[in-house]
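Participant: If you're matching them up, the sequences are chains C and L in order. In the numbering used here, each residue's number is its place in the first sequence (first place is 1) plus 102. In the numbering used here, each residue's number is its place in the second sequence (first place is 1) plus 71.
Incorrect hints may have been included.
[Claimed, not checked] Only part of the chain L face toward chain C is listed, based on derived beta-carbon distances under 7 Å:
#1 Phe156
#2 Asp163
#3 Ile165
#4 Phe169
#5 Leu174
#6 Gly178
#7 Pro214
#8 Ile216
#9 Phe311
#10 Ile358
#11 Ile359
#12 Phe361
#13 Thr364
#14 Val365
#15 Leu368
#16 Tyr373
[Unchecked claim] Restraint ranges, calculated between C-beta atoms of paired labels, are given here:
#17 Ala144/L - Gln284/C: 57 to 63 Å
#18 Arg273/L - Glu280/C: 58 to 64 Å
#19 Val198/L - Val130/C: 27 to 33 Å
#20 Val137/L - Gln275/C: 42 to 48 Å
#21 Pro271/C - Met73/L: 30 to 36 Å
#22 Asn108/C - Leu160/L: 24 to 30 Å
#23 Gln275/C - Ala144/L: 57 to 63 Å
#24 Asp304/L - Arg147/C: 29 to 35 Å
#25 Met355/L - Gly272/C: 19 to 25 Å
Read the hints as simulated data drawn from the structure, not as lab findings. From the three backbone atoms N, C-alpha and C, an ideal C-beta is built for every residue, glycine too.
The primary structure of each chain is shown beneath.
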Amino acid sequence: MIAAPNRWAEARQEAGRAIAALLVALIVAFVIVLSTSSEPAEAFRTLLTAPMSSNRTRGYWIDDVAKLTLTGLAFSLVFQARQFALGVQGQAYVGGLAAALVALSPVGLTPLAIPVGMLAAMLAGAAYGFLPGYAKARFGASEIVSSLMLNYIAIRMVNYAIRTQLAPPGTGQLTSPEFPPQAVFPAIVPGTRFDLGIVIALVAVGVVWFLLYRTAWGLKLRLVGHNAQFAEYAGIRANAIMVSAMTVSGAIGGLLGSVFVQGKAFGRIAIDFDGNLAFEGILIAIVARSKPLAVPFVALAYGYLRQGAQLMGMRSDVPMEMIAVVQALVILLVASQFTLPGRKALARLFGRKETAT
Amino acid sequence: MMELLVTVFSATFFVTVIRASTPLLFATMGGLVSDLGGALNVALEGMMLIAALTAVVVSVYAPWYVAVLAAIASGALLGAMMGFFHLRLRADVILVGFAVNILAAGGTVFLLSLATGGDKGTSINLVSKAVPAAHLDFLAAIPVIGPTMHSVLSGHSVLTWAAFLSVFAIWYFLYRTPWGLWLRGVGEYPAAPAAAGIPVDRVRLWSLIVSGALAGAGGAQLAMFNYIGFTRDMTAGRGFIALGAVLLGARHPVGGMLAALLFGVFEALSIVMPGLFSWIPGEMIQIIPFVVTVLALILFSYRAQRARMMKVPVRE
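Start from the sequences and build out the full structure, keeping to the hints where you can.
Facilitator: Take a look at the structure:
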């Protein structure tokens, strides 16, 4: 029995659980690869080592980490308010479109292109995040359904805008022209995708952490998430907090859109540009237990696995979609109170005190 | 505009509506059963997708009814899995649901490439079967109204009839059997049935299994009648639209059926409109069902909220 739960011990325990879940999932993945591939060892080796193999692949990895961190943060923020708003994908699309419009306008040729693009993206995303929040607060409409529908709507509308308005007419291209160099994030390591995006993501982590744990708004938000009725009794306007949480989360989602289109990876806007990455923030947030400081670490591990799976899909006969098994298992195991057989031995191995669940 | 009206009021359009509504109707009934049991099933989408693939792959090797049963079984199995993680391991049911959706989105592509030897995305190289249509030719023999009835009622999938039958069956189960009362009690206020000795967790587990089975039937209709074969993400949000339909239907089977039919009308519109108005971009037509769902959800929630505020006793 621990009288005052030590924050570090708790964090270690959570991390241990996440790692255990990942190991279980990887073992299952290995069994699947073993039984379906003609060269299982090679495929699995690619999955686990390929992202580190060159500067270029490391750049891909870090680029994904930046984006996964942002989407994970956006999901964490609404999850902390106990709202299952799943609109990050739609917000990224409208944000990306806003950033692209700025980059392709005359502003795109000035040094203001990057900050104005990011700001426009955040405003667009915030507006798009506000909608399901308002619909829930004002009309009681389920935010799960409305935010998902808004995702589908945003993707198709933005694709339409790209196809008919931004793409050079008559070419049948599905992308806009490339942005002027002033509007594209500078690379930190030249020649790779290691660009400003990761810096933006880490700053966002700090900002969200500060908002949640060092401001009155954050305290109210967490109280609402913990027990909305109690928060109401304490004089907190739960609805207003809820809407503001979804709006701020929307701004992060919009920022993700800007990082997508203004990053080195694209430098322009293309249809279906997020490759479903924006939605995978749900996994990051679940594994990170909606703790902003844990999000980048989870993104680091998950981004590695994601990159590994993509390279495995290209270089071996195992399709990258196999990784869905790992994703689903990790969510299931982290979300549930599973206990590993032989947990005591594991605990001794990691040198941590055994605690009752 | 005239062409649209002529099309909408034709018997073929009605048949299209029914065809488009059937998967939604199954999924809506599935969502309803678990929702009334107190477990929001956000995994309808993934269950339908996995069931659709199961139906296609099984139908290559077995008769159509075996494929349909396999699809239903796969949905039920996923429901049981959700129940295990939610009820035994105490995971949040929404998170478990999204785990199923993620598994479905990637897993179906993976399994499809295994089943076809490398094809990712479509099952075009698999010779899969279809659910037969019920041809009610005897209707045409009825004088005066016969031909109309024949063109409206004949030619639907066997599963369509099953879907409408399931609406009645679920209504009867919910409001005319003790187990239906248990289910509603468990969803409304679990402590009371628990005190009365009703196995709350087992009721929830069965509600998830039935929910999965119904979603599975919807997936079978989708991949064996509406389309013959599987394509990646072929459910295209239908599972989530069904969740909206459950709420729009005021969590009642008949209401859910009407909501599913309403969404079916708009899906059918999005099927016939490209042929009539080639100038409307495809994306705009594709978003119709989603826009309608959001608007209907807001409208209904607003009405329900006002009803609650006015303390009008709602008939159960």
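Participant: If a hint holds in the structure, say so; if it doesn't, say that too.
Facilitator: Verification of the hints:
{"no.": "1", "hint": "Phe156", "in the structure": "holds, 5 Å"}
{"no.": "2", "hint": "Asp163", "in the structure": "holds, 6 Å"}
{"no.": "3", "hint": "Ile165", "in the structure": "holds, 6 Å"}
{"no.": "4", "hint": "Phe169", "in the structure": "holds, 6 Å"}
{"no.": "5", "hint": "Leu174", "in the structure": "holds, 4 Å"}
{"no.": "6", "hint": "Gly178", "in the structure": "holds, 5 Å"}
{"no.": "7", "hint": "Pro214", "in the structure": "violated, 47 Å"}
{"no.": "8", "hint": "Ile216", "in the structure": "violated, 40 Å"}
{"no.": "9", "hint": "Phe311", "in the structure": "holds, 5 Å"}
{"no.": "10", "hint": "Ile358", "in the structure": "holds, 5 Å"}
{"no.": "11", "hint": "Ile359", "in the structure": "violated, 10 Å"}
{"no.": "12", "hint": "Phe361", "in the structure": "holds, 4 Å"}
{"no.": "13", "hint": "Thr364", "in the structure": "holds, 5 Å"}
{"no.": "14", "hint": "Val365", "in the structure": "holds, 5 Å"}
{"no.": "15", "hint": "Leu368", "in the structure": "holds, 5 Å"}
{"no.": "16", "hint": "Tyr373", "in the structure": "holds, 4 Å"}
{"no.": "17", "hint": "Ala144/L - Gln284/C: 57 to 63 Å", "in the structure": "holds, 58 Å"}
{"no.": "18", "hint": "Arg273/L - Glu280/C: 58 to 64 Å", "in the structure": "holds, 60 Å"}
{"no.": "19", "hint": "Val198/L - Val130/C: 27 to 33 Å", "in the structure": "holds, 32 Å"}
{"no.": "20", "hint": "Val137/L - Gln275/C: 42 to 48 Å", "in the structure": "holds, 47 Å"}
{"no.": "21", "hint": "Pro271/C - Met73/L: 30 to 36 Å", "in the structure": "holds, 32 Å"}
{"no.": "22", "hint": "Asn108/C - Leu160/L: 24 to 30 Å", "in the structure": "holds, 26 Å"}
{"no.": "23", "hint": "Gln275/C - Ala144/L: 57 to 63 Å", "in the structure": "violated, 46 Å"}
{"no.": "24", "hint": "Asp304/L - Arg147/C: 29 to 35 Å", "in the structure": "holds, 30 Å"}
{"no.": "25", "hint": "Met355/L - Gly272/C: 19 to 25 Å", "in the structure": "holds, 21 Å"}
Hints 7, 8, 11 and 23, counting from the list given before, are not met by this structure.
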